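**Student:** One letter stands for each residue in the lines below.
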Amino acid sequence: MRTNFLMLHTITRIVSFIVISFSVYLFFAGHNAPGGGFIGGLMMAGALILLYVSFDLTTIKKVLPFDYTFIIGLGLLIAILTGLNSMIFGDAFLTQYFDYYQIPFIGEVELTTALPFDLGIYLVVIAITLLTILTIAEDVS
Amino acid sequence: MNNIVLLPVLIPFIAGTLLILFRHYPRLQRISSGIVVFLLLFSAAFLLYLVYQEGIQTIALGNWPAPFGIVLVADLFSVLMVVLSSIVGVACLFFAYQTLSPEREKYFFYPFYFFLLTGVNGSFLTGDLFNLFVFFEVMLISSFILIVMGGTKYQLRESYKYVVINMFASILFLVALALIYGLTGTLNMAHIAVQVAELEQAGVLNTAAMLLLVVFGMKGALFPLYFWLPKSYYGPPAAIAALFGGLLTKVGIYAIIRTFTLIFVHDTGFTHTVILALAGFTMFFGVLGAVSQFDFKRILSYHIISQVGYMVMGLGLFTPLALAGAIYYIAHHIIVKSALFLFAGATQKITGTTDLKKMSGLLKTHPVLAWTFFITAISLAGIPPLSGFFSKFPLILSGIEQASYAIVIVALIVGLLTLFSMMKIFIYVFWGTPSLKKSDYEHIKMKPLLLPIMPLVALTIILGFAAEPIFSFSEVVADQIIDPSIYIDAVLEE
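Read top to bottom, the protein sequences are chains A and B.
Mapping to the UniProt record's numbering: the first sequence position 29 is 29, numbers consecutive.
Mapping to the UniProt record's numbering: the second sequence position 396 is 396, numbers consecutive.
Take the hints with a grain of salt, since some may be wrong.
[To be verified] Anything over 12 Å on all C-beta distances counts as not near chain A; from chain B, calculated: (1) E137; (2) V194; (3) A403; (4) D483.
[Claimed, not checked] Short, incomplete list of chain A residues facing chain B, as computed with Cβ under 10 Å: (5) A33; (6) F70; (7) G73; (8) A79; (9) I80; (10) L81; (11) S86; (12) M87; (13) A92; (14) F93; (15) L94.
[Claimed, not checked] For lysine to any residue, the following SDA-like pairs were computed, each having C-alpha atoms within a straight-line distance of at most 25 Å: (16) B:K161 to A:D139; (17) B:K153 to A:L134; (18) A:K62 to A:Y100; (19) A:K61 to B:S101.
It is worth saying that the hints were derived from the structure and are not from the lab.
Computed from a predicted model, the values in this text were never measured in an experiment.
Here a beta-carbon is modelled for each residue, glycine too, at the ideal position from N, C-alpha and C.
Please construct the entire structure, taking both the sequences and the accompanying hints into account.
**Tutor:** Encoded structure:
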């Protein structure tokens with residue numbers, strides 16, 4: 001019997017959108033306020049898992065055709081390179097730099113090197129969470 | 001501030017990350033990991049030279065000064081360990097090229113090999129107790145993956161125990177860290193040392209010290225927490241077992257020596273007596289295990305336990321001579337033990353088994369293998385003029401000077417039993433009539449198999465014949481670690 005998941009699908013579409021946008025907000029709030037790459041990444045992974053659960057594996061795989069193993073490597077690399085960046089300027093590894101810039105329409109924005117570092121963490125956390133859960137889910141017993 | 005201190009941690013870390021990205025290209029992985037591992041050895045050797053010339057080097061990560069930020073500290077002892085781990089890293093990698101099955105290569109062998117080295121080198125270099133925990137985890141998680149790789153039933157069963165005992169140890173480590181942080185308000189090792197000196201080491205601080213001893217004792221396979229080691233090291237292929245046997249327990253021993261020469265040195269009557277007693281039991285029960293076994297790899301695994309006892313004995317006696325002996329012993333042991341495990345791998349490749357009773361007569365068919373094994377084996381047992389003798393001699397000597405005759409007697413008996421069980425291997429595997437037909441082993445090329453082991457064998461001979469300069473170097477190292485103020489001043493100067 002085919003069940004109709006209309007309620008679940010409609011609510012998932014709205015909820016996952018809210019969760020993903022909040023995750024992005026947390027990611028940017030990161031280095032000065034509560035939040036950051038780790039928490040934002042977990043939240044993003046939660047939203048994606050919600051999609052995987054309410055629709056099915058094959059559908060979402062078509063929508064998100066990423067190789068999560070590759071993303072783990074990429075995220076780690078971004079994080080390390082950000083740390084290495086400070087070694088080029090003769091400072092200790094992982095030293096962070098920040099400054100304030102005027103960007104049209106948005107106003108004054110603080111740009112820091114902590115942000116790309118956090119982006120690396122963000123990617124690693126999302127990819128590891130999804131890879132772990134999907135590997136178990138795909139396991140045919 | 002010197003970023004070079006960080007290189008032995010960063011090089012394998014970056015290499016591991018890049019190798020994840022290129023996992024579908026086995027040839028590229030082999031070539032690049034070969035280059036990287038030599039780069040690592042070079043950077044470690046350069047760091048040793050730098051520290052020897054200019055004294056202790058430190059770096060505060062992110063420019064957050066000690067004791068608030070995390071510092072990495074390269075003193076002679078830690079850099080010596082990094083150099084040794086890099087040497088073993090080179091040998092095991094090149095041996096892995098010859099023996100590892102292609103399936104294992106595909107499933108991230110090289111990335112986790114390098115992450116393991118990252119964790120090991122990081123544990124040696126860090127100057128922060130919590131950071132030590134983090135590097136321990138990096139090392140352990142990589143070792144979990146390497147130890148189950150291949151996924152045979154035996155491996156899965158034994159590595160489950162390995163995982164459980166190590167997770168338990170990690171939780172205890174966290175408890176100990178919480179206790180120490182609550183008592184001293186800091187996690188920087190040098191700063192903790194200052195605080196412990198002011199608080200007077202007694203009562204709860206001794207509890208914390210013993211907790212740390214239990215934790216590191218689990219990782220370093222001390223009595224009575226060594227039971228997991230022989231079985232779990234039996235499972236993985238020789239290249240991985242050699243890396244584990246040479247390095248992983250030594251990280252635990254390094255941590256014990258570091259904490260009990262730097263931090264908890266004010267109540268040696270209690271702490272170091274406990275350590276000495278543990279050393280005696282570890283040696284004795286380890287070697288008894290080895291004597292009772294009839295399997296190449298299992299005998300070697302039990303010997304790891306008994307020899308860890310010698311290193312800890314040096315710490316327990318706590319004189320400059322004994323510590324120098326312990327350091328010499330660690331260097332000797334890392335090299336010889338890895339070499340022996342690789343020999344086990346080579347004979348396994350030839351005969352297809354590690355059971356001593358199923359092999360015989362390899363002396364006639366593979367004389368080079370047999371005689372180089374013989375040299376390494378008697379070096380392990382402590383026959384002069386090889387490195388094993390010159391590392392045990394100062395330990396025994398300072399035992400007699402300290403009038404700890406019980407431990408001296410145990411150490412001598414254990415030495416004898418070690419010789420016995422190494423000769424057992426030699427007699428069973430290499431003596432007798434050859435059991436293999438010529439067609440069975442002809443296709444196995446010995447040269448590439450023996451090439452990675454030869455530098456290790458050469459090193460044990462050099463360590464033995466050049467004992468005078470090398471021992472005086474380990475005395476310099478011992479003088480540096482027995483006086484905690486040198487380390488503390490170097491870390492907290494700014």
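**Student:** Confirm or reject each hint.
**Tutor:** Verification of the supplied hints:
1. E137: 14 Å, holds
2. V194: At about 23 Å from chain A, V194 (chain B) clears the 12 Å cut-off, so the statement holds.
3. A403: 48 Å, holds
4. D483: 27 Å, holds
5. A33: Because about 19 Å separates A33 (chain A) from the closest Cβ in chain B, which is outside the 10 Å limit, the hint is violated.
6. F70: Hint on F70 (chain A): holds, closest Cβ of chain B at ~6 Å, below 10 Å.
7. G73: OK, holds: G73 (chain A) within 10 Å of chain B, min 3 Å.
8. A79: Constraint on A79 (chain A) satisfied, holds at 9 Å.
9. I80: 6 Å, holds
10. L81: 9 Å, holds
11. S86: This interface hint holds because 8 Å falls under the 10 Å limit.
12. M87: 5 Å, holds
13. A92: A92 (chain A) check passes; min Cβ-Cβ to chain B is 5 Å, inside 10 Å.
14. F93: Because about 5 Å separates F93 (chain A) from the closest Cβ in chain B, which is inside the 10 Å limit, the hint holds.
15. L94: 4 Å, holds
16. B:K161 to A:D139: 24 Å, holds
17. B:K153 to A:L134: It holds: about 24 Å lies between the C-alpha atoms, which stays within 25 Å.
18. A:K62 to A:Y100: 41 Å, violated
19. A:K61 to B:S101: 32 Å, violated
Hint check: violations occur at hints 5, 18, 19; the rest are consistent with the structure.
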